[in-house]
Amino acid sequence: MPSLIEYVKEVFKKLDENHFKILRIIERNLSRYEVVPREVILSESGLGQRAEKLLQKLHEYRLIWAPMGLERGFCINYNGLD
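Going by our numbering, the sequence shown opens with residue 146, and the numbers climb by one from there.
Hints are supplied without guarantee of correctness; some may be wrong.
Subject to a maximum C-alpha distance of 30 Å in a straight line, what follows is the list of computed DSBU-like cross-link-like pairs (lysine-lysine) [claimed, not checked]:
{"hint": "1", "residue 1": "LYS202", "residue 2": "LYS166"}
{"hint": "2", "residue 1": "LYS198", "residue 2": "LYS154"}
{"hint": "3", "residue 1": "LYS202", "residue 2": "LYS154"}
{"hint": "4", "residue 1": "LYS198", "residue 2": "LYS158"}
{"hint": "5", "residue 1": "LYS198", "residue 2": "LYS166"}
Hints in this document: simulated from the structure, not taken from any laboratory.
Please construct the entire structure, taking both the sequences and the accompanying hints into account.
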């Protein structure tokens with residue numbers, strides 16, 4: 146099993162600027178929300194359906210977490226802050 150650092154390095158190689166845009170939106174809104182609503186992320190990103198796929202990938206990579214379900218909203222996992 147790879148170390149946390151190795152895992153994060155491998156995952157970050159797979160991300161493009163839009164993945165980071167979504168992560169920044171979530172991080173910026175955590176001061177207002179405990180769990181950033183999906184609608185806020187989609188609205189601020191301006192990426193339409195692409196944002197949905199980006200959220201799914203970030204969740205799959207364990208960079209974001211949906212503590213109340215994927216349809217409600219997201220937080221950034223520790224890995225996503227690196």
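Hint by hint, here is what the structure shows:
| no. | hint | result |
| --- | --- | --- |
| 1 | LYS202 / LYS166 | 13 Å, holds |
| 2 | LYS198 / LYS154 | 21 Å, holds |
| 3 | LYS202 / LYS154 | 16 Å, holds |
| 4 | LYS198 / LYS158 | 17 Å, holds |
| 5 | LYS198 / LYS166 | 13 Å, holds |
Checked against the numbered hints above, the structure breaks none of them.
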